[in-house]
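J.: For the record, the sequence lines run as chains X and Y. Anchor point for the first sequence: position 351 equals 351 in full-length UniProt numbering, and the numbering is continuous, going up by one each time. Anchor point for the second sequence: position 388 equals 388 in full-length UniProt numbering, and the numbering is continuous, going up by one each time.
If you're looking for bench data, these hints aren't it; they were derived computationally from the structure. Careful: at least some of the hints might be erroneous.
For chains that are exact copies, the list does not tell them apart, and a pair is met inside one copy or across any two.
Okay, derived cross-link-like pairs now, SDA-like style, lysine to any residue, Cα gap no bigger than 20 Å in a straight line [as the list claims (entries may be wrong)]: (1) K305 <-> N331; (2) K147 <-> S534; (3) K96 <-> G263; (4) K307 <-> D384; (5) K307 <-> M328; (6) K147 <-> S537; (7) K124 <-> E72; (8) K307 <-> E393; (9) K137 <-> E463; (10) K305 <-> R245; (11) K88 <-> R452; (12) K305 <-> N324; (13) K147 <-> S533; (14) K153 <-> D262; (15) K540 <-> D267; (16) K540 <-> D262; (17) K305 <-> M328.
Each chain is listed here by its residues.
2 protein chains.
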Amino acid sequence: MVYTPNLVSRQLFGKVVLTRNKCLKNFTIRNVNRNSIQFIVPTNRKFATSIESSSSSAEIPAKKHAPTKVVEFTADKYTYLRRNPNFKELTQDDIKFFASILPANGLIIDNEEDLIPYNVDWMKKYRGRSRLVAKPKTTHQVSQILKYCNENKLAVVPQGGNTGLVGGGVPVFDEIVLNTNNMNQIRSFDPVSGILVCDAGCILEVLDNYLAEQGYTMPLDLGAKGSCHIGGNVATNAGGLRLLRYGSLHGTVLGLEAVLPDGTILDNLSTLRKDNTGYDIKQLFIGSEGTLGVITGVSILTPPKPKAVNVAVLGVNTFQNVQNAFVMSKNKLSEILSAFEFWDSDALKLLKAHNIQGKNLPLKDNYPFYVLIEISGSNKYHDDDKLQNFLEELLTNEIVNDGVVAQDETQISALWSLREGIPEACSKTGAVYKYDISIPLSVFYQMAEDIRNRLRSAGVLGEDKPVSNVVAYGHVGDGNIHLNITAKSYDPEVTNLIEPYIYEWTEQHNGSISAEHGLGLMKANYLRYSKSSSMISIMKQIKQSIDPNGIMNPYKFLPTQ
Amino acid sequence: MVYTPNLVSRQLFGKVVLTRNKCLKNFTIRNVNRNSIQFIVPTNRKFATSIESSSSSAEIPAKKHAPTKVVEFTADKYTYLRRNPNFKELTQDDIKFFASILPANGLIIDNEEDLIPYNVDWMKKYRGRSRLVAKPKTTHQVSQILKYCNENKLAVVPQGGNTGLVGGGVPVFDEIVLNTNNMNQIRSFDPVSGILVCDAGCILEVLDNYLAEQGYTMPLDLGAKGSCHIGGNVATNAGGLRLLRYGSLHGTVLGLEAVLPDGTILDNLSTLRKDNTGYDIKQLFIGSEGTLGVITGVSILTPPKPKAVNVAVLGVNTFQNVQNAFVMSKNKLSEILSAFEFWDSDALKLLKAHNIQGKNLPLKDNYPFYVLIEISGSNKYHDDDKLQNFLEELLTNEIVNDGVVAQDETQISALWSLREGIPEACSKTGAVYKYDISIPLSVFYQMAEDIRNRLRSAGVLGEDKPVSNVVAYGHVGDGNIHLNITAKSYDPEVTNLIEPYIYEWTEQHNGSISAEHGLGLMKANYLRYSKSSSMISIMKQIKQSIDPNGIMNPYKFLPTQ
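If we strip away everything but chain X, and leave its shape as in the complex, we get (with noise of 0.2 Å):
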């Protein structure tokens, strides 16, 4: 990498500022040189859209399926799981029912190999025993297979780009996986209102790359956006790194198409901003982790495309700082503000560790925390202006210690990349336990301090110890901490210190143990630490009412325990 070493010289809206102002005697926005891209690699955001692989995650670095032969079954690994007697075997009346109804390319039937992506998930962690996986084109052919797998008793999985991090898109024993890969038409888009209209199987970049087109942009981003299917981003509700701006789908999605258990179409594609029409139906799909139906069409309000974008990575010596630059950038920043983004020293050892955005990285000093910004505007001028006076702010109250802000499209995704290569070096080391948490910020940090502490007391954490690092990232701005903790291998004993103690934590503080990545098999039978039991038992209740039978994603999302 070659810095400019020069540490009066600013490079901001275009032009090289030689000044040294008073307040940035201790501050460099650093010019980070046109010549010197190499000094972080670009960039690994996008997953490969070839893969075939029901949810969606902000937090999945880009990486083919690997052979997975070796990733042991979910119901040998996990034995309290008990396959429902109810549920039927699969015949070969079944399989000609199926096949007299799907396209040719529709369906796959007792060929592990070619069943293993289906089978298995994106983290390797989770391996089912599928003999069937139908790939339908239309919703006609969606509310088919349902109405007969309901009258016939058979499990359904459903399935998007299987980019899930809690085993929630993959079987655990012989159920059906209902894919959405054929179903990837965008239905309509409205240029005078920015209303999207697509099938749940088109992949978020596709849609993002359509949109781009005309002058608009998804409201969401994630990490797997190259893979993820929009139906399973709006099946698990994911966050993702727009959240903070364009808010959570909740809101954006404007309308849904669902296939009930028993082949019921809902025809609720609504194109419009404002409808007080009945209950609003389509909320209890958007999260629902394919347990109450299939999602086969997605109505979306899409925002215009920022005209200008811009990154700055700040380092900061205290976590209390991390939280005033955030108060102090819905102050500044306010509308143009489009991310806010933390990671830890741990975080950066590993990324320098395996060496995943090169050898050297932009802030020449180590500190505590490093945090990154994204403005996104309509105006390049304004928003520079902005994020100036934001910085100048920042120093003079000696917030942070030390900074760089992107010059061109190049470094904004090199920058990026550190914040996403955060997941991939993390899995460089072995295994890696994830946890997704929603916590307020006064305590955002402490998780990781405390966890941190726990393991050391108990001798587990260190070089040459089971547990090598506690790293801790996340959303700032939507009070989201992902804090991953790398061991060499999953090990009971580290298991046990981590849970339920991490779950107990997030209960005490008000948290919720699934920020954004939902609940699927890993934390389903933990819920009772974020939601009540009156809450479980009106869930349990909607369940049943919807999917008598409990065909939809069994094992799964709702306590089995």
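Following the hints, put chain Y in place on chain X, whose structure we already have.
T.: Only chain Y this time, still in chain X's reference frame:
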């Protein structure tokens, strides 16, 4: 009104620009003189807070509850309605129970005069015969009331500020009124996250004033803000004036506390932006109009209060150009656009005729359409610059013909009061048929024209005819048109000409028969025009599952016929 007649002066950003730009030749952004405030009498946005009058609306002008003895009983007016014989009638034992659990100021019994503000809706269209109003102070008391009512099959109408327009918040027969007036405490506010938690009975304007002191604002604003309760806002999924900017309550409400009909308290008062743990049950309550239980507490994400707000009113010759201006505003004003409202020349005629805003109006000439654009941002200089560029582009492209830009807060209020005075101006004529429709922008104004043609062809529209005006106004930015048909009196012949024609028209154009006012009693039986039978069926299933005795707000919301 005193206009500065200098057609070449422009006052923007606090300085007068005396040059006449070529592209400005057909346009003047007039100086709305500080000394001529009398031209628009400010402002009737606020409802008197002393009125005790569930639900909410952006369409309500300031008006005290007038004597209501003349209001016909709903049951006498709508003869298809039959009291549900499964509901018990109130007994002395019941009254004793309520008296035993409620505070001294929490019970009104059998005093007709005292009961009127709770039995009669704000529009004086609906009148119930409730003998008892319960005004609990705590969630526990609400729980006790509902448990008792459910066990004893006493029907209940939840009521907030009683500012609804569809008869949803007042009884039809002798239902007990459960009013949230006494539940008015702010529970917590976090100035870092901007998350407010409060009782359901807090008045919207009180909350907004409280937040203003801390640099925040409520994400919704309504004409009825001085009276409406936040609980009613949530129960009716109120839209209002800030939806374009901050999105719907489905996105901004983070948590709810609600009491189910059996007295179960659902404690889902989350203060987290992200929480993917189970079905998002609170969403069912948003817009459920009191039919599933009583909302007792609300957690809501509030945005920073904009530091710079400005408003422009423009005269436009065609509705196509209103649409063009909207598309351009999304492009040029983008993140600072906070309202895009319109009204037509019939609306202006009534404003003039009834002298609602003073005799003089800001634009000298008459135009078929008027547009009000509000911008809200964090930097006045940047925002005014964007507004100027936008207005110049409108002129260059000959999209608008004339306009004014406010110079201070008083003028902002004055310009807003034009838009907000329209419902009052309509109500001065006698009877008003009010419709609140969402439709695609491409056919937005065609509805008004089609209704006019229909009424004219039938010989009922014009001077000395039963119908005097068909007035259209509303939220272009949300695709929400308010159609007010003014008449001497409610006339069955006129009603039959409008209904179900207007609902059929809406259905044919994929619209919603209730954009933001809800269904209440008025539109319950028209739900089929906006929702399919499968959607209505699942709604009924949910209602049956949560309120099996049907005690919550009966006769409304879901079709009874």
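J.: Now look at each hint and say whether the structure bears it out.
T.: For each hint, the structure was consulted:
1. K305 <-> N331: between (23 Å within a copy, 9 Å between copies)
2. K147 <-> S534: Cα proximity of K147 and S534: across copies only (15 Å, versus 31 Å in one copy).
3. K96 <-> G263: Classified as within; 19 Å inside a copy, 51 Å across copies.
4. K307 <-> D384: Cα proximity of K307 and D384: in one copy and across copies (12 Å, 18 Å).
5. K307 <-> M328: between (24 Å within a copy, 14 Å between copies)
6. K147 <-> S537: Between copies only: 17 Å across, 27 Å inside.
7. K124 <-> E72: within (9 Å within a copy, 68 Å between copies)
8. K307 <-> E393: Cα proximity of K307 and E393: across copies only (17 Å, versus 25 Å in one copy).
9. K137 <-> E463: For K137 and E463, the Cα distance exceeds 20 Å both inside one copy (52 Å) and across copies (58 Å).
10. K305 <-> R245: both (12 Å within a copy, 16 Å between copies)
11. K88 <-> R452: neither (47 Å within a copy, 61 Å between copies)
12. K305 <-> N324: between (29 Å within a copy, 18 Å between copies)
13. K147 <-> S533: The answer is between: 18 Å across copies meets 20 Å, while 32 Å in one copy does not.
14. K153 <-> D262: For K153 and D262, the Cα distance is within 20 Å only inside one copy (11 Å; across copies 33 Å).
15. K540 <-> D267: For K540 and D267, the Cα distance is within 20 Å only across copies (16 Å; inside one copy 24 Å).
16. K540 <-> D262: For K540 and D262, both the intra-copy (18 Å) and inter-copy (17 Å) Cα distances are at most 20 Å.
17. K305 <-> M328: between (25 Å within a copy, 14 Å between copies)
Violated hints, in rising order: 9, 11; the structure is consistent with all others.
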